[in-house]
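Take a look at the letters that make up each chain.
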Amino acid sequence: GAVVSQHPSWVICKSGTSVKIECRSLDFQATTMFWYRQFPKQSLMLMATSNEGSKATYEQGVEKDKFLINHASLTLSTLTVTSAHPEDSSFYICSAQRGVYEQYFGPGTRLTVT
Amino acid sequence: DAKTTQPTSMDCAEGRAANLPCNHSTISGNEYVYWYRQIHSQGPQYIIHGLKNNETNEMASLIITEDRKSSTLILPHATLRDTAVYYCIVSLPGNQFYFGTGTSLTVIP
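Chains as they are written, first to last, in the numbering used here: chain A, -5 to 108; chain B, 508 to 616.
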């Protein structure tokens, strides 16, 4: 299968700071990438759809000014959590669309805000 | 919102077939059925997808009922490494996924 990476795999930051998470498709180009958040013992929740060269589309209830998404190239999308608070601590997962039918997920980034 | 319902948990004996059901009674004509699994603290792994015909690959088989309102994922010979949460997702090709609660499969030695 195709490979999607995320960096960092885990990060600890202090409340009020910003954190950037990178999502890369390593062996294919992805016009569309998606960002999800997963709290302990819960399912994945879609946050936003990221399209290369255009603004991201956010799901209802997700603050676009808090979760900044940039999809500057066909292999890279970034999620920046601004002014992070402890309630933003979560597992953040990206996925990249390859072709029409296939969506591949990254390994996830564990964010802990202290 | 997720358009699928799955049992919360299932057990399967190692070496036996694991049959994981999924209901998607509101599926539309162009929507595909996708199956992914997630092992603890990892990203979901693609398993298989289908529209209306049964599908098989090296990992699993997907059986979709004729009315497409339900499907079953079959792992033919479950191993301990198949212990994971299995998600059934209905989506148009290229569209975002809305995950349901999934089925937690435990393979028992």
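For the record, the hints were derived by calculation from the structure and aren't laboratory data. Source: prediction; values computed, not measured. There could be a bad hint or two in this list.
Unchecked claim - Where chain A lies over chain B, by a calculated footprint (3+ residues, C-beta under 8 Å):
#1 550 to 559
#2 600 to 614
Unchecked claim - In silico negatives: residues of chain B with every beta carbon more than 12 Å from chain A:
#3 Pro514
#4 Arg523
#5 Ser535
#6 Gln545
#7 Thr563
#8 Thr572
#9 Pro583
#10 Asp589
Glycine is no exception: its CB is placed at the ideal position from the N, C-alpha and C atoms.
Determine whether the non-interface label on Gln545 of chain B survives the test: each CB of chain A must be over 12 Å from its CB. violated (8 Å)
So is the segment 600 to 614 of chain B in contact with chain A by the C-beta rule, three or more residues under 8 Å, or is the coverage claim wrong? holds (count 9)
With 12 Å as the threshold, tell me whether Ser535 of chain B passes as away from chain A on beta-carbon distances. holds (16 Å)
Beyond 12 Å on every Cβ pair: is that true for Pro583 of chain B relative to chain A? Given that every Cβ of chain A is farther than 12 Å from that of Pro583 of chain B, nearest at about 19 Å, it holds.
Quick check for students: does the CB of Arg523 of chain B sit more than 12 Å from each CB in chain A? Holds: least Cβ distance 26 Å, greater than 12 Å.
Would you assess whether Thr563 of chain B, listed as outside the interface, keeps its beta-carbon beyond 12 Å of every beta-carbon in chain A? holds (16 Å)
Assertion that chain A covers the segment 550 to 559 of chain B - criterion: three or more residues, beta-carbon distance below 8 Å: holds (count 5)
Cβ separation check - Pro514 of chain B to all of chain A, threshold 12 Å: holds (14 Å)
Over 12 Å to the closest beta carbon of chain A is the bar; see if Thr572 of chain B clears it. Correct as stated: the minimum Cβ-Cβ distance to chain A is 21 Å, above 12 Å.
With 12 Å as the threshold, tell me whether Asp589 of chain B passes as away from chain A on beta-carbon distances. It holds; Asp589 of chain B is separated from chain A by about 17 Å at its closest Cβ, greater than 12 Å.
Violated hint for the displayed structure: number 6, the only one.
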